[in-house]
Amino acid sequence: MASDEARLEIGCGTGELARGMTELGAILIRAGVGERPRFQAELVFEELVTNALRHGGLDRDHPVEVAVSLAPEHVMLVVSDRGRPFNPLEQPDPTPATSLAEAKVGGLGIILLRKAASSVAYERANDRNRVQVVIPRT
Amino acid sequence: MEMEVTELDGKAIRIALRGRLDTPGVDQIETRFSASIVPGGHQAIVDLSEVSFIASMGLRMFITVARSASKKGGRLVLLSPQAMVNEVFTNAALSDIIAVVFSGEEALGQLHG
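In order, the protein sequence lines correspond to chains P and L. The numbering of the first sequence is our numbering, which starts it at 198 and goes up by one. The numbering of the second sequence is our numbering, which starts it at 12 and goes up by one.
Simulated from the structure, these hints should not be mistaken for lab results. Treat the hints loosely; a few may be bogus.
Here are some chain P residues pointing at chain L (derived, C-beta under 10 Å) [unchecked claim]: (1) L240; (2) L286; (3) P289; (4) L297; (5) L310.
C-beta: ideal position from N, C-alpha, C; glycine also.
Make a model of the complete structure from these sequences and hints.
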């Protein structure tokens, strides 16, 4: 299969995230992406898009953009937004908790993102955050 | 996201979840899920066999509810997560702080143990 690309926009309105997720799922299924990489891609999408929507201070005119590229060996997601500068790679992994009392709920998304991807790269360019994530298809 | 609560004996309940524990899914059930467990200090077996997806919001819900429940003598046991969901639990080291089991007997053993 040749490299194939699709582009999604997710605004800050109610239902936008669910709509984007459904569209992503449909693109991946159409392209024959297996269950495991599809789960990983959806996980990456959820973590990065919710982050951008929650913390970016975006308004209605500036949706989060997600470019999906499909290659035989991998799925690549590029998530970009005009929100406040935020580099997920600079966030430290929380120390694993050994008890409920000390368990932290922040930072879990970053752990899951790192585990799902074979590479994650961040850049801030032209007033946009741009996170590029590669997910292996095997 | 669907949620069905069944009373078991004593303080034990079984909660079957069905759907996706992403942000929209968690938004739909979090209040009811917490209210079913925390105030009564219930011992809850949470059946995840029909949950096909989980992200950090779902983990956060389980940790928050398990912690609040434990202050009231309650407890959460997560039952039969699908393979990919269980891999997320492992990656986040969730199983170190909340019991994850794969049979009803094991779940009851955890509650009574």
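Against the structure, the hints come out as follows:
With its C-beta approaching chain L no nearer than about 6 Å, L240 of chain P sits inside the 10 Å limit, and its interface hint holds. Restraint check, L286 of chain P versus chain L: the minimum CB separation of about 16 Å is more than 10 Å; hint violated. Taking 10 Å as the C-beta contact cut-off toward chain L, the hint placing P289 of chain P at the interface is violated, the least distance being around 15 Å. The beta carbon of L297 of chain P comes within 5 Å of a beta carbon in chain L, closer than 10 Å, and the hint placing it at the interface holds.
Residue-level restraint check for L310 of chain P holds (minimum Cβ-Cβ distance to chain L is 9 Å; threshold 10 Å).
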